[in-house]
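With the hints as constraints, model all of the structure from the sequences given.
Heads up: the protein sequence lines correspond to chains X and E, in order.
Counting along the first sequence from 1, when you hit position 297 you're at 300 in the working numbering, and nothing is skipped either side.
Counting along the second sequence from 1, when you hit position 11 you're at 594 in the working numbering, and nothing is skipped either side.
The set of hints was computed from the structure by calculation and includes no laboratory data.
Given the structure is predicted, the values throughout are model-derived calculations rather than measurements.
Any given hint could turn out to be false.
Unchecked claim - Among chain X residues calculated to face chain E with C-beta under 8 Å, some are:
#, residue
1, E590
2, P604
3, G702
4, G706
To be verified - Per label pair, the in silico range of CB-to-CB distance:
#, chain 1, residue 1, chain 2, residue 2, range
5, E, R727, X, R40, 57 to 65 Å
6, X, F42, E, D625, 44 to 52 Å
7, X, D594, E, G645, 21 to 29 Å
8, E, D625, X, S446, 36 to 44 Å
9, E, D739, X, D60, 43 to 51 Å
10, E, A648, X, L232, 53 to 61 Å
11, E, L721, X, A94, 55 to 63 Å
12, E, A648, X, G639, 41 to 49 Å
Stated by the list, open to error - Beyond 10 Å from chain X on every Cβ pair, some chain E residues (computed):
#, residue
13, L617
14, L620
15, G645
16, F677
17, V714
18, P720
19, L721
20, L726
21, G740
Positions of the beta carbon are idealized from the N, C-alpha and C atoms, including for glycine.
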Amino acid sequence: MRWFAGALLLLGFAGGFATARMVVRLDGVVRERFEGRLFRVPSRVLSAPTILYPGLDWKQVDLLGTLQRLGYRESAERKPLGLGRYYQRGAELRVHRRAFEHPTRAEPARTLVLRLEGSVLSELFDADSGRELGAAFLEPELVGAYYGPDHEQRELVRVGDVPRHLIDAILAVEDQRFHEHGGVDFRRIVGALVANLRARGIRQGGSTLTQQLVKNFFLTPERSLERKLQEAVMALIVESRYEKDAILEAYLNEIYLGQRGSTAVHGVGEASHFYFGKGVRDLTLPESALIAAIIKSPNGLSPHTDAERTRKRRDLVLELMREQRRIDDAALAAALREPVRVAKVTPEPREARYFLDALQRQLPDFYGSDTLTTEGLQIYSTLDLRLQRAAARTVAEELARLEKGYPKLVPEGGSRLEACLVALRPQTGEVVALVGGRDYAKSQFDRCTQARRPAGSVFKPFVYAAALEPGAGGPLLTLAAWVEDVPLELETPAGTWRPKNFDHQFHGRVPIREALERSYNVATARLGQQVGIAEVAEMAHRLGIESPLPEVPSLAIGAADLTPLELARAYATLANGGIRPQIRTFEDVVDPVAGALERQPIESERVLDGGTAYLVTSLLEGVVDRGTAAALRRAGLVGPIAGKTGTSNDERDAWFVGYTPELVMVVWVGFDEPRSLGVAASGIALPIWSRFLREATGGTVRGAFLRPPEVDELEIEPETGALALVGCPSRRTEYFLHGTEPVSTCPGWADRFGPDGAPGLLERLFDSWLDRL
Amino acid sequence: MRLGVLLASALAALVAAGCRTAPGGRFPGEPLHLAQLASVGDPARRASMRLVMAGLDADERGRGAEASSSYQRALQVDPNNPYAWLALARQEVFEGDPDRGLAHLDKAQALLGTDERAAAHLAGIRGAGLVAIGRRPLGEPFLREARERAPRAWADGVLDASELR
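Rendered as structure tokens:
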């Protein structure tokens, strides 16, 4: 007997020891999680905000589409207009804009009144004050997020920011005795047991909020006694260590509440945006009840799939709230009258994945993947989502069209035709659209920033820039000059180099404009020799090319492997009057708690005089107006456009690089493994560029390339480059840097006025000047 | 005949100009105040100018980051607004990075061309920027020019946001 008692005691000790060990271990697990990083919150990337102002073409900027993507819902009533709603009748559009945080300031909620005349936003008012507004912002759109492997998204909320009725609704349906129990509600367990016995199945659960939280944080969904026991012990530990509010806050941020494509929606903060397009603070009672209602089965009860089913469940929650005296009869009746209205599901944009990668590469090393996937940073990017969508759509549809039109672009068993499109603002270097390939899911290799491809003729403008730039003894030539397009042979270490033209012809003596407009290789190679290849390379680097450049004669016609992004930057320098912008993909990185962490200011540097930049721009306008890119004009694009086509050796790469006063765009088309396209750039890259520009501008480019004061506009006689005065047989306008103007007049002009009593030369000069005035 | 008339007219004009006394000395007139331009230009320029003014407001209140953000928004609407570049240049030269400010000033200058109204501020900001980066001998003549053109605004060698406003 004593032996038996001893054994029992020993067993008791052993059991007690094992239990104590388990409790200590679980306590460690709980503390590690609760006192460390409770949640991994993916960092979000936001677009540049939409700016509204009188005179804006609201259709062109897709205002209604933007509102819908931002989760604004149309209202049938003009007043009162709920937060996050808009109303449109005839020429009036009212938007109850939500409050939002900007990196440097908070924008308050306000109702904007927009008067629309055709496609023009003619007036903009604040509805409350009646004050006319010069400009107003809409909140930035979500571009994407840096997800961890779990692909969860949540917006963390403080329990103090959550409306009382949302907490009440959740407690009413999930754990009405939350404030009374110590983690495990034994009374509820017994009640559930009895109910399940009566129903001969599992109909009710006895889990408290704390147990649900523990299960989600630490345990698997497995249904076993051991797991249940662990859950109960951990719930007791959590309750003994932490305040009720801390537990509730963790629950409110953890709970799974639905699915947005492949992203899991967690927490009431994220769910408020997902279902109602607003922050959690602005939820109404029926909306709070709906969120509580779907906790049981977020996908089965989703209002997006079956609104009627959701309404029934929501009403049940409301009635429970009344039953538990959390709301009164009047509130219940009013809430029950509200229909279920949810924001349109806007799938997270997929078009900007390459941009997100490019942005991550541009962030300082401190922002590694671990930081970006866990710290919940807000990154305010430079992306214009409207242009990004247009770019992605254009690349996808135009490549498909090309493949249909040119069957040889669909090789058997090989890689698919690929493309890159990158657009940036030349003045600020902001990347506004970037499509690094055809399908991010299939290939994450970004052809805009990571692929170096032979530049071909898009390199040529750098040769002309070097030739036109005034050196110590003035520029090598002016735009009135002629160059020789005749056979050329150069001895190089690799043998004799004999450049050829695309049409396999030589064109003799040609004006410099024609040499570039027709993209003559031989004339440009000769010009490269005249300028000096080292000078050409130096000019390209100065304009923004960072890749190494081989100092060989063929560099002049593009024997250099470059990335589309660096080409975009170099052309941006020309578009920006010789001021080279630093490429920017973001403006601010903000930590929701610590505030601003990082700014990327506008950086630029003058690297070329404005006059030379203007002359090159003028040459490139000629390419569009009369040369290899004249298809742009035939396509009906109007306004100032400059650009250059490019096709590399064996037609492996097709390029078009061009700009307007406000946008620089590069399009590259080719195969990842070099193979001939068999079609010139004008047939492949140009149509993509053309369509994108049309989508970006509506087909009419505004503004002008500003002629700097150091450039004069003169009439010349084209054949000789001499000044054309009255009576010259032919003439055209040309631009000259101060001090490089022609000094001679067109030959024969003076002879036509002999000493027969006709006006003299000076008199004629003044007459000509007056006529021009 | 026409030449004779023209030469006579030109001579008369020169004599008349020589006899007139300019009230402001060599550089007459008030320096540029951006508020005067808030309602000038096409819709994009006007909206951009409103944002520049909002930026100057923020600058005056010492909220530099907010001001900078407003100038950037102004450039988002109209990237060729010279006054947005000028305001950004002023902010960088006096409150931020003078090198960066001088680059922005280049852009403003390129866009303003030979606009006489802006000449005092262009010279003054350039002078102050050059002095700030340690190139005083280069900067002083510009500051002197600014003081001559706009004595009140540039007497202290600094252009406040309120003086540009």
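Item to check | Contradicted hints - numbers only | outcome: Hint 3 contradicted; others consistent.
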